[in-house]
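2 protein chains.
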Amino acid sequence: MVPINQWIKIKAPATVANMVCGFDILGFAVNNPYDEMEMRLVTRAAHQAAITIINTDDFNLPTDPEKNVAGAALIAFIEEYTANSIIEKSLGTESKLIDFSKIGFEVKINKLIKPGSGVGSSAASSAGAVVGANYLIGNPFSKDDLVRFAMNGEKVASGVKHADNIAPCIHGGVTLVRSIFPLEIVALPSPTLFVTIVHPQIEVRTADARSILKQNVQLKDAIKQWGNIAGLVAGLMKGDYDLIGRSLEDVIIEPVRSILIPGFDELKKACKAAGALGGGISGSGPSIFFLSKERDTALAVEQEMKKLYEGLALAHHTYVTTINQKGVEIEGQGKFSAK
Amino acid sequence: MVPINQWIKIKAPATVANMVCGFDILGFAVNNPYDEMEMRLVTRAAHQAAITIINTDDFNLPTDPEKNVAGAALIAFIEEYTANSIIEKSLGTESKLIDFSKIGFEVKINKLIKPGSGVGSSAASSAGAVVGANYLIGNPFSKDDLVRFAMNGEKVASGVKHADNIAPCIHGGVTLVRSIFPLEIVALPSPTLFVTIVHPQIEVRTADARSILKQNVQLKDAIKQWGNIAGLVAGLMKGDYDLIGRSLEDVIIEPVRSILIPGFDELKKACKAAGALGGGISGSGPSIFFLSKERDTALAVEQEMKKLYEGLALAHHTYVTTINQKGVEIEGQGKFSAK
Chain E
0 MVPINQWIKI KAPATVANMV CGFDILGFAV NNPYDEMEMR LVTRAAHQAA
50 ITIINTDDFN LPTDPEKNVA GAALIAFIEE YTANSIIEKS LGTESKLIDF
100 SKIGFEVKIN KLIKPGSGVG SSAASSAGAV VGANYLIGNP FSKDDLVRFA
150 MNGEKVASGV KHADNIAPCI HGGVTLVRSI FPLEIVALPS PTLFVTIVHP
200 QIEVRTADAR SILKQNVQLK DAIKQWGNIA GLVAGLMKGD YDLIGRSLED
250 VIIEPVRSIL IPGFDELKKA CKAAGALGGG ISGSGPSIFF LSKERDTALA
300 VEQEMKKLYE GLALAHHTYV TTINQKGVEI EGQGKFSAK
Chain W
0 MVPINQWIKI KAPATVANMV CGFDILGFAV NNPYDEMEMR LVTRAAHQAA
50 ITIINTDDFN LPTDPEKNVA GAALIAFIEE YTANSIIEKS LGTESKLIDF
100 SKIGFEVKIN KLIKPGSGVG SSAASSAGAV VGANYLIGNP FSKDDLVRFA
150 MNGEKVASGV KHADNIAPCI HGGVTLVRSI FPLEIVALPS PTLFVTIVHP
200 QIEVRTADAR SILKQNVQLK DAIKQWGNIA GLVAGLMKGD YDLIGRSLED
250 VIIEPVRSIL IPGFDELKKA CKAAGALGGG ISGSGPSIFF LSKERDTALA
300 VEQEMKKLYE GLALAHHTYV TTINQKGVEI EGQGKFSAK
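Protein sequence lines, in the order shown, are assigned to chains E and W. With numbering that gives the first Met the number 0, the residue at position 38 of the first sequence is 37, and numbering never jumps. With numbering that gives the first Met the number 0, the residue at position 228 of the second sequence is 227, and numbering never jumps.
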């Protein structure tokens, strides 16, 4: 357990969910961008809140713990810890239990992942908060427990308790959410992959992106999709770049959702012509990502993205990064220098 | 190249297609049952057929090469060889080309895999014939070429040029047919798995099994299915038996097709209670297969199968075997002793 009042630093990575054919099941973490967070345990009087959120960025996100994604995740964390404590006390097996009626969390969030960009901004805050909280009290919970708590943050953000971004954010690498009820996350090995992301500065509401999906799909399309999913998993695990590339095809979601993103089809053509293995919409958009085998290709892909959105006079950010294999990291005790 | 008139012996394994959640994409070969075949090159006069089929079993299958699955596969084999020969001659790169207007194949088939049992009986004949033919003339074709030729046999058998059984029959092990057009087969590593198969002696016509499928599926079911497919591929490649077991679930095809097979639900419950990892309908049935981690479990599963079908007074065969990792094998020159 970290001493009361001692700050720890946390890095929480951005994540790409809905990895092309792997809608709702496959996602991965990236090394850039990421959120910076600081957390500490504090003593509190009965009238003081168990969770204090301090935003050090300019996004004006709510600080009420129930409305803040990190706060909602921490509420679930404290509730389960307390419930387990009661059981341990009744069994007489408690040792150094924390009493959350007298101890609270203080969380500072410096959001570097723009909210609404489609690369897991809310997941980074939720995941960072629960990984930090767990570290502060001596890591009693497993990663899968932490995913469950953090999913409460996603519910605050989008109304749905999904694990698509939380799973890779906490586990790192490429993750498969095989099942939501019961929750089962499978870490998938992957070879070195360079990731180019473009965030065109338009708003795509997750609710809209969900509502335009068809509730039924043709069996023949579903079969094509699951061939690609099986190929993608096999390609990642074999380190077979060509197989990964051929499998990065989505015949079900992308044809519907891509109409929400200006220039999508043209961008895809240009990125693949520049040598990308494949890619698609990140999460529910508007960000778009492409994977490449080599850094130079990823940089060439970035140029194509810039050229296209400059041509459309649409403000945008780009990132060239790699898959983050570690997930949320505790950077040690202390504070980030800038704050 | 094997000398004219010299017989070779071929073993062509049975195969399980539609591996639970992997409808139309995942299949595997088994070590028992298998077809025995003998083949040789013969000189022929212009009035003699290029392909002679001799059935040494009692199934009364057609011997006209165009109507016999092995014959149809060999016709495709000879056609492509001849087309390539013409190109090689035009380029002046031919060397020891075989002239199929003067040379033919004689094929003896001893079918030990009962036709219509749902474990790739037709695929074994088609695959065995083209692997044998390739061996006889010095292996000019790749395995993927041979799969393409053998698919013509499936067209004769079921009207559809599918590779679900042909791919594992030729490659061995567990195979993924990622795409049919263009054909792409991915060999998947797998840990030791014991396979129990029961063949209840009823007829399920492939055409019927296809026609009762719904042409549309719910997106939420498709997502569940692709989570399981990704889990199954990852489980096989990691050798994670528990993950394999949890992923062996089919929410789309099995609920519809299982009504064609008497006692299916009860059998499934009994096999899983006996310790099987999971299983389902083999191909389009009527055979049912279950996978187990241990031989003893596979034998206990067999007892459950026998008990159930004895209870239903339904004639049946069972097999306890393992996954065949080699595919069609040339057993060397000579003839099977029994014939």
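Be a bit skeptical, because a hint or two may be false.
The list treats identical chains as interchangeable, and a pair is accepted whether it falls inside one copy or across any two copies.
[Claimed, not checked] Here are the simulated PhoX-like cross-link-like pairs (lysine-lysine), alpha carbons at most 20 Å apart as the crow flies:
hint, residue 1, residue 2
1, 101, 325
2, 154, 292
3, 113, 305
4, 154, 219
5, 66, 325
6, 325, 8
7, 219, 334
8, 213, 268
9, 88, 101
10, 219, 101
11, 66, 271
12, 95, 113
13, 101, 306
14, 219, 160
15, 334, 268
16, 219, 271
17, 113, 66
18, 271, 325
19, 213, 267
Think of the hints as simulated: they come from the structure by calculation, not from any bench.
Within, between, both or neither, where residue 334 and residue 268 count as close if Cα-Cα is 20 Å or less: neither (44 Å within a copy, 57 Å between copies)
Copy assignment of residue 66 with residue 271, given that the CA separation must stay at most 20 Å: So residue 66 and residue 271 fail the 20 Å test inside a copy (41 Å) and across (45 Å) alike.
Within, between, both or neither, where residue 219 and residue 160 count as close if Cα-Cα is 20 Å or less: Between. Shortest inter-copy distance 15 Å satisfies the 20 Å Cα cut-off; intra-copy 30 Å does not.
Identical-chain pair category, residue 213 with residue 268, by Cα at 20 Å: neither (25 Å within a copy, 34 Å between copies)
Within, between, both or neither, where residue 219 and residue 101 count as close if Cα-Cα is 20 Å or less: Answer is neither; intra-copy 58 Å and inter-copy 44 Å both fail.
Alpha-carbon proximity between residue 113 and residue 305, which holds within one copy, between copies, both or neither at 20 Å: within (18 Å within a copy, 62 Å between copies)
Status of residue 325 relative to residue 101 across identical chains (alpha carbons, at most 20 Å): Neither way: residue 101 and residue 325 sit 33 Å apart in one copy and 65 Å across, limit 20 Å.
Intra- versus inter-copy proximity for residue 271 and residue 219 (alpha-carbon distance at most 20 Å): Classified as neither; 25 Å inside a copy, 30 Å across copies.
20 Å Cα threshold - placement of residue 8 relative to residue 325: Classified as within; 15 Å inside a copy, 54 Å across copies.
Intra- versus inter-subunit Cα pairing at 20 Å for residue 88 with residue 101: within (17 Å within a copy, 89 Å between copies)
Within, between, both or neither, where residue 271 and residue 325 count as close if Cα-Cα is 20 Å or less: The answer is neither: 28 Å in one copy and 37 Å across copies each exceed 20 Å.
Alpha-carbon proximity between residue 154 and residue 292, which holds within one copy, between copies, both or neither at 20 Å: Classified as neither: same-chain Cα gap 35 Å, cross-chain 39 Å, threshold 20 Å.
In this structure, the earlier hints numbered 1, 2, 5, 7, 8, 10, 11, 12, 13, 15, 16, 18, 19 are contradicted, and the remaining ones agree with it.
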